[in-house]
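Protein chains in written order, with this note's numbering: chain A, 52 to 239; chain B, 63 to 460; chain C, 4 to 405; chain D, 9 to 180.
Warning: the hint list may mix true and false statements.
To be verified - Each computed PhoX-like pair below joins lysine-lysine, with the alpha-carbon atoms no more than 25 Å apart: (1) 329/C to 110/A; (2) 41/D to 329/C; (3) 110/A to 135/A; (4) 103/D to 274/C; (5) 180/D to 80/C; (6) 148/A to 359/C; (7) 166/D to 114/D; (8) 114/D to 80/C; (9) 148/A to 135/A; (10) 329/C to 161/A; (11) 243/B to 173/B; (12) 212/C to 67/A.
Claimed, not checked - Some but not every residue of chain A turned toward chain C, in silico, with C-beta under 10 Å: (13) 76; (14) 102; (15) 163; (16) 166.
Treat the hints as calculated values from the structure; they're not laboratory data.
Note that the Cβ used here is the ideal one computed from N, Cα and C, for glycine as well.
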Amino acid sequence: MTAVTHYFKNVVDSVKTTLIGLGITGKYLLQKPITVQYPDERLPIPNRYRGIHYLEQEKCIDCLACARACPIDCIEMDAVRHGKELEWISFTLDYQKCMFCELCVYPCPKDCIHMGTEFAFVSYDRSEFVHDLLSYRGMARDAKVRMVEAEKKKKAKEEAKKAKEGAQAAVVAEAADDEGEEASSEDA
Amino acid sequence: MLTFDPAIGFSSAVLAVQSAESGLKDGFGTNAIQDFLVGVKPEYVPAWAVPLTAIGIAIGIVLAIVSVLAMFSTWLERKVSGHIQCRFGPMRVGWHGWLQPLADGVKLLLKEDMIPLGADRTLYVIAPALVLASLLGAMAAFPLTETFYFANFGLGIFMILALTSTTTIGVVMAGWSSNSKWSLYGAMREAAQVVAYEIPLGISLLVPIMVAGSFNLIEVSQGQGGGYGILNWNIWPWVNPFMLPAFVLFFVAILAETKRAPFDLPEAESELVAGFMTEYSGIRWSFFFMEEYAAMFLYCVVGSFFFFGGFESPVTSLAESVGGTNSLLHQLGAASTIVLKGFAGVFLMMWLRWTLPRVRIDQVMTMGYKYLTPLALVCVLGAGLWEAFIAPHLWWRS
Amino acid sequence: MSTTKTYEPSISRTEGRPLAGGEREYMIDVRTQDMEVNMGPQHPATHGVMRVLVRADGELITGAQPHLGYLHRCAEKIGESVEWLQYLPYTDRYDYLAAMNNNLGYSMAVEKLMGIEIPRRAMMLRTLCAELNRIGSHLIAIGTYGLDIGAFTPFLYMFREREWMMALFEKICGARLTYSYIRIGGVFNDAPPGWLSEVEAFCDTFEVKWREYYDLLIQNHIFVKRTADIGVITREMALDFGLTGPMLRGSAIDWDLRRDTPYELYDEICKDKAFEIPLASGEKGTLGDCWDRAWVRAMEMMESIKIVRWCLDKIEPGPVIGDIPKTLRIPPGEAYVGIENPRGELGHYVVSDGGKIAVRCRVRGPSFVNLAVLEELMPGALLADTIAIIGSTDIVVGETDR
Amino acid sequence: MNFQGIYDRIRSIQAPGVTGMDEPREPNPQDKKDKGRSGDPYVLVDPQRLPEFLECLRDDPSLKFELMADLTATDPSKEDGYLWINVQLLSLVRKHRLAVKCLLPKENAVMPSSVSVHRGAQWAERECSEMYGITFEGHPDPRNILLPEDWIGHPLRKDYEFPEEYHGISCK
């Protein structure tokens with residue numbers, strides 16, 4: 052390739068690829084954004100999500116299987132045994148260390164420790180990241196309630212949308228009829 | 063007239079500033095303010111205070127316009143980039159985040175103003191002010207309508223080119239005084255880049271100047287009015303076939319002049335952290351920011367004056383026919399036309415920024431010296447020949 | 004005793020920088036005092052916390068020295084102190100952009116010591132997830148490369164698809180980045196109902212979107228100009244430095260562990276000729292330059308889609324994990340397993356003495372090995388090229404430092 | 009080529025420094041303490057002659073181990089008097105790999121550097137030398153790579169004692 056053709060090829064290439072790029076970005080400029088406004092609008096969280104643990108205290112037998120399975124030893128539990136009854140003192144999980152690997156869930160013989168769908172922590176103090184799962188149940192339950200509510204809302208929204216679409220379809224059909232009439236009248 | 067020398071441009075601009083008063087024509091600009099002040103002046107105020115006050119008020123108005131433009135531009139930029147990238151952009155403050163620039167402004171004002179240890183304090187403090195001041199000076203030559211302006215220079219475009227290129231001094235000052243290697247890199251790049259692109263910028267502007275036969279922005283705009291309306295704009299090939307390539311060259315050159323992507327090498331956030339602005343924070347940093355957006359708008363306005371009909375548009379002519387020449391309606395039509403045209407250019411620059419990667423510094427130089435300058439010269443030659451031999455015979459040009 | 008190799012530097016001061024048109028650009032007329040610039044540890048283009056000490060003569064780089072260790076998290080030492088299965092979450096964390104592949108490599112190394120068979124459906128899911136993660140990793144690689152070069156938008160487009168991929172993984176294993184999904188003996192969970200059809204939908208969409216990235220970034224003239232003829236790795240150099248993965252294929256060396264030392268189901272996939280190994284041809288400049296490497300990564304994404312489709316086609320119901328005891332006791336021995344990570348050969352060298360805990364848990368991170376070539380590539384480049392070169396090696400600092 | 013073929017070839021070309029080989033085997037049913045060995049077969053090489061060995065394998069036309077995938081060390085136990093040097097070789101043309109193992113005494117952990125044969129060994133050797141305290145003679149750049157320059161001790165040795173603090177930062 053001579054220098055001259057190379058010179059003009061550069062000019063043509065740069066203009067051409069720039070126009071192609073502008074076309075692609077311009078197409079997206081006119082489309083609807085795909086992000087959501089986070090605190091107001093949340094993406095659905097799948098059931099298997101590995102969030103903050105919750106404990107079914109009644110089932111737990113204080114066997115330490117989860118604590119042993121933990122790679123970083125962030126689970127600590129303390130209970131006093133009165134015969135068959137257990138008196139719980141604490142069941143703490145240090146979320147500064149926890150890496151949400153779910154290894155503590157599998158060895159549980161009673162299937163009582165689970166990973167919930169709650170994931171957000173905000174605190175001014177590090178010590179607050181050591182959660183006591185016994186007292187923490189409330190929040191996990193809250194999360195569940197919120198999920199159920201969100202699902203209800205979603206369903207209602209979908210139904211409303213369907214109803215609206217149905218209405219719109221009717222309107223569109225009517226409009227099409229009108230247009231057809233107009234066209235025929237123009238023809239005449 | 064065909065020879066262009068930045069030095070001549072600068073000296074003529076200085077002359078223009080010196081003879082500003084004599085150069086002022088009748089209009090709503092400083093003269094109107096001055097007339098008003100003369101009317102209300104109490105006895106004990108000396109006469110020489112009147113023009114000074116008038117200029118002060120004019121500067122205040124320009125500053126306000128620049129700030130509003132820059133603020134709106136930042137909002138627009140964030141919205142354009144957001145929607146191009148399938149995001150929303152700012153949404154929280156006001157309707158679709160339109161008050162976000164205000165919130166940012168408050169934040170920047172309250173932010174700690176740091177001066178790095180070992181920086182040259184004097185230069186460090188002067189630099190952002192100098193950058194903004196030179197741009198404000200250039201903004202004075204921008205007429206909002208045919209009769210509303212602050213200064214109507216015979217060599218208006220030279221004034222703008224000369225003053226905007228002095229921002230480089232401020233940028234180099236900032237880079238040097240920051241005592242940071244990244245800043246120094248950014249400053250050196252800016253200097254090299256602006257010097258390289260001044261040439262094609264000036265040369266490509268010669269093409270519409272030749273067609274219009276004037277350096278005055280208002281006269282250039284008036285030259286594109288007439289019976290054919292939108293078809294009379296300079297950009298059309300039947301006016302001059304070299305106009306479109308000249309505009310493309312001009313547009314590329316102003317991208318480089320305003321440090322916009324793909325020529326944002328002085329900032330180059332992935333290479334030089336933030337270039338010459340690395341060490342700046344708070345309000346000083348926002349001066350650079352304001353300068354960038356105001357310069358974008360100013361250059362786009364210049365482009366629309368020289369290539370896209372200036373004040374002329376169907377809206378303006380409609381307003382003129384309804385309200386009469388120089389009526390308030392006509393003024394509003396002309397002002398909104400030029401502002402919209404300016405923002406259309408700004409939008410195009412943003413669109414390009416969010417599409418293209420950044421070029422390398424040697425490629426910037428290659429592009430400036432090896433591609434834009436020769437091509438601009440070719441355009442000027444061709445346009446000159448067209449104007450000399452073909453244009454006189456065209457019935458629509460007479 | 005032995006031969007010492009020398010390479011032609013890609014751009015030498017006296018011969019000038021080769022331009023695509025056959026011209027040469029000289030930079031010898033002006034010399035200034037060299038300046039040492041710290042690129043990093045906090046710099047937008049170092050992909051994490053890495054420091055490159057650059058010696059520069061104006062814009063021209065005369066020397067570079069990478070300094071590592073800012074993200075050293077003792078992964079190998081931890082491997083010698085936790086149980087076999089407990090080390091699995093740590094494998095997520097060195098190459099955090101391709102956690103599935105890391106899980107796979109570690110599990111395969113331990114399985115090699117144990118000498119166990121894993122169910123076919125588990126292998127299918129493993130292959131599928133590893134390939135999906137390869138797509139995600141390459142999306143980041145090319146996206147951030149574009150970001151380094153200055154193109155912001157393709158990066159976010161690629162993140163959009165990566166988000167989708169991560170949402171798929173979130174559905175199957177519950178995590179978005181550190182999956183710990185592939186475990187010793189199989190996989191943790193079977194795919195939830197409907198998941199496979201979602202993967203298919205992802206593949207369909209991705210093929211359309213891929214074209215956009217290709218036009219918007221890879222073929223863009225400025226991108227080509229920024230990356231072609233820069234950071235040329237010759238064949239000899241690539242072999243000498245032990246480069247693997249796209250770095251090797253970017254120098255047109257036909258080597259892919261998936262095909263040449265088949266593991267998991269890649270044997271069958273290769274027999275079916277379900278995918279090809281893209282090889283660079285030096286189309287836009289010199290063979291082995293940065294553009295070639297970016298191009299190889301872009302093409303590999305499409306090949307991964309083909310493998311994913313093959314898996315979707317052939318997958319059958321069945322168990323997803325073998326009969327594995329809760330506490331693993333691995334027979335004594337030592338095994339090295341290298342798998343094709345998105346960045347190259349990810350090697351796990353594990354030594355067991357028959358106990359619950361490994362004696363040695365070596366990770367051969369491809370980023371670590373690939374980064375060594377940086378010192379050789381940098382001299383003669385411009386300051387902006389350093390970004391292009393670092394970006395084209397596609398390092399994950401979590402892996403170089405481990 | 010499988011491992012046996014490679015080993016035969018190494019024997020026949022008399023590659024320098026080869027002292028033996030080891031293959032995985034089933035546990036001996038007679039001996040209850042013997043658990044056998046699983047994993048990869050490897051070639052045992054004298055560490056002092058490792059660079060020559062690597063060069064010989066690199067240049068041999070039928071072996072062509074031109075890519076060194078990995079070089080690392082292992083400290084098998086506190087009591088053991090030897091460190092292992094583990095090298096993984098890869099032949100892209102012949103499509104085979106080989107594990108090489110050297111036994112290096114802990115008291116005098118000095119061996120020649122392989123950088124002149126495979127440049128890729130440079131960083132791997134730096135890592136080995138800081139983690140295990142092995143001195144590679146003739147290494148062009150023998151600095152620490154992952155650890156700080158003033159780090160005391162060699163962390164991956166089994167007898168390493170974790171420091172209480174580093175420059176006033178608590179390490180526990």
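Hint check:
This hinted pair checks out: residue 329/C and residue 110/A have alpha carbons roughly 21 Å apart, not beyond 25 Å. Straight-line distance between C-alpha atoms of residue 41/D and residue 329/C comes to about 23 Å, which keeps the hinted pair within the 25 Å bound. At most 25 Å may separate the alpha-carbon atoms for a hinted pair to count; residue 110/A and residue 135/A meet this at roughly 12 Å. Proximity of residue 103/D to residue 274/C is assessed by CA-CA distance (about 17 Å); at most 25 Å being required, the pair is judged to hold.
About 15 Å separates the Cα atoms of residue 180/D and residue 80/C, which keeps this hinted pair within 25 Å; it holds. Between residue 148/A and residue 359/C, the direct Cα distance comes to roughly 23 Å. Compliance with the 25 Å bound is thereby established for this hinted pair. The hinted pair formed by residue 166/D and residue 114/D meets the criterion: a straight-line CA distance of about 11 Å does not exceed 25 Å. Simply put, residue 114/D and residue 80/C have alpha-carbon atoms about 19 Å apart, close enough for the 25 Å limit, and the pair holds.
Restraint check: the Cα-Cα separation between residue 148/A and residue 135/A comes to about 33 Å, which exceeds 25 Å; the hinted pair is violated. Note on residue 329/C and residue 161/A: the hinted pairing holds, with a Cα-Cα distance of about 15 Å set against a maximum of 25 Å. A distance of roughly 24 Å separates the Cα atoms of residue 243/B and residue 173/B; the hinted pair therefore holds under the 25 Å criterion. At roughly 20 Å between alpha-carbon atoms, residue 212/C and residue 67/A fall within 25 Å of each other, so this suggested pair holds.
The criterion of a C-beta within 10 Å of any C-beta in chain C is met by residue 76/A, whose closest approach is roughly 6 Å, and the hint holds. For residue 102/A, the interface hint holds, the least distance from its beta-carbon to any beta-carbon of chain C being 8 Å, beneath 10 Å. Because the beta carbon of residue 163/A sits about 17 Å from the nearest beta carbon in chain C, more than 10 Å, this interface hint is broken. Checking residue 166/A against chain C: minimum C-beta separation of about 7 Å stays under 10 Å; hint holds.
The structure does not agree with the numbered hints 9 and 15 stated previously, though it agrees with the rest.
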